[in-house]
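Undergrad: What follows is each chain in one-letter form.
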Amino acid sequence: DSGVTQTPKHLITATGQRVTLRCSPRSGDLSVYWYQQSLDQGLQFLIQYYNGEERAKGNILERFSAQQFPDLHSELNLSSLELGDSALYFCASSSGGGRTEAFFGQGTRLTVV
Amino acid sequence: GEDVEQSLFLSVREGDSSVINCTYTDSSSTYLYWYKQEPGAGLQLLTYIFSNMDMKQDQRLTVLLNKKDKHLSLRIADTQTGDSAIYFCALGGSNYQLIWGAGTKLIIKP
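Quick mapping for you: the protein sequence lines, in order, are chains A and B.
So for the first sequence, this note's numbering puts the first residue at 2; every next one is plus one.
So for the second sequence, this note's numbering puts the first residue at 22; every next one is plus one.
Don't take each hint at face value.
[To be verified] With the Cβ distance kept under 10 Å, some of the chain A side facing chain B (calculated, not the full set):
no. : residue
1   : 7
2   : 44
3   : 49
4   : 68
5   : 72
If you are wondering where the hints come from, they were derived from the structure by calculation, not from laboratory data.
The C-beta atom is built at its ideal place from N, Cα and C for all residues, glycine as well.
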């Protein structure tokens, strides 16, 4: 158990809809990362938050947004969903200190139908 | 920017050693990591090496770092069926970023 909790584990929704994925980082970790992993593809970095503020942005679509709350949990909002958004979405957390290793949650499998 | 490359597949026989390779372009990373992803699961941190080290051994795992050639490898001794997974190398970049390879799928032949 990495200590990172993601909910829900599975999500099935229709095209055009909006969903929210939730992540609780490891206790004490200030940094949260969101990744997308499509079938047979590597990890695509979406966005990083550190202590409530956006720190880095990767290949995140404009239809997607995220935030980190004062209690350090984070939410990833996906809107106007398309079939191609079906993927595994991972959250990871790190302490944000000198070492950068990240600890991953089990992921949310999103299926858009 | 930083580029990290890995072969997509590696096939080995059970009991043999597996060597998974990773090459990178930027040598400023302080820490270099190996992660394992089993089917349907999240990524698990396997091991890491500090940039001023050449080798690190942890039970069946050996990490080698060749800074001159910008080459990182993960050797798994006595490979077992439970080692079947995708292995990602990741470099700790600037601004607390992790730069990821595409992952190597390790296939174990009986």
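Undergrad: So, as I understand it, the hint says residue 7 (chain A) touches chain B; can you test that by seeing if any CB pair is closer than 10 Å?
TA: With a minimum Cβ separation of about 8 Å from chain B (threshold 10 Å), the hint on residue 7 (chain A) holds.
Undergrad: Does residue 49 (chain A) hold up as a contact with chain B if the rule is Cβ-Cβ below 10 Å?
TA: OK, holds: residue 49 (chain A) within 10 Å of chain B, min 7 Å.
Undergrad: Does the closest beta carbon of chain B sit nearer than 10 Å to the beta carbon of residue 68 (chain A)?
TA: violated (18 Å)
Undergrad: Against chain B, is residue 72 (chain A) within 10 Å by beta-carbon distance?
TA: violated (20 Å)
Undergrad: Restraint: residue 44 (chain A) near chain B, CB-CB cut 10 Å. Satisfied or not?
TA: holds (5 Å)
Figure legend: structure checked against the earlier numbered hints; hints not met, in rising order: 4 and 5.
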